[in-house]
Amino acid sequence: MLRTRTPVRSLTRSDVDDALELCSRNVPAHVFVAARILETLSSGSVAAAMGVREDGRLTSMCWASSNIVPVESTPGARAMYADRMRRWRGRVASLLGPREEVVDLWDDLEPDWGRPRAIRDHQPLLSTSTPPSALGVELDPRVRPARADEVDIVLPAAAHMFTAEIGYAPYSGSPRSYRGSLASLIARGHTYVVVEDGQVIFKTDIGSLALGCAQLQGVWLAPHLRGQGLAVPMLASVMEQVMAGQAPMVSLYVNDFNAPALATYGALGFAPVGDFTTVLL
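Residue numbers (my numbering): 1 to 281.
Every clue listed holds true.
If you anchor each label on the Cβ, the simulated ranges turn out as follows: (1) Glu54 with Gly198: 50 to 58 Å; (2) Arg86 with Glu196: 43 to 51 Å; (3) Ile166 with Asp107: 16 to 24 Å.
Everything labelled a hint here was simulated from the structure, so no lab data went into it. Don't be surprised by glycine CBs; every beta carbon is placed ideally from N, CA and C.
Given the sequences, and given the hints that come with them, work out the whole structure.
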């Protein structure tokens, strides 16, 4: 049978099972998209996802909102995604995901979108399913989920982390929206903290949760406490709690130049399972 290339189309609720199956082929790499799909089901649509079907089978997908994230995409599919997104420059904050796919997609888009603010070219994708206690790692008993009434003390820590990583304050455009996103994470039990003297000295979030995997983001320790070996037992406690209650697998990705973070994650049993790239716009 002669195969024909099917045009890109927006996915609907009827595509959800196929989309999640596509994500399940590499869960640590695709948990972000799987989580976004599951979160949007309550709205009755997954219109931020587009995909390509061949012979009735979903073979490629791309999450396309403020973050562009390709999933199991082929070169031909990426070319079609780029054609569809060429006029979206002002709507997108980043491209992220598996390095080969993101680099190829960005090569198509850059002539129309112009120079990015930054490219994080090599970001090791790390994962583990071994609780830190099984490795003999000490757990910090102070780590706990943030409470709903702690949004305003989590905010400075979250903003400091974001600004150091991205290069501008997260609330420069919409302070209320950023605070709301933090409140949502906390309400879902996805933010873990250590609070000392009324201030957050450590935090991290479950940024994505789906398919038995929790992807951590926003790992932050107060600057005056860094270099003292505190991050390992604090993050170990987060992992232990997450693995016991929310997902048996924990993943994250990190800039390859962040040697202290890589050393911390190595001590916690994380192992490389891929390579990400992030293009910041």
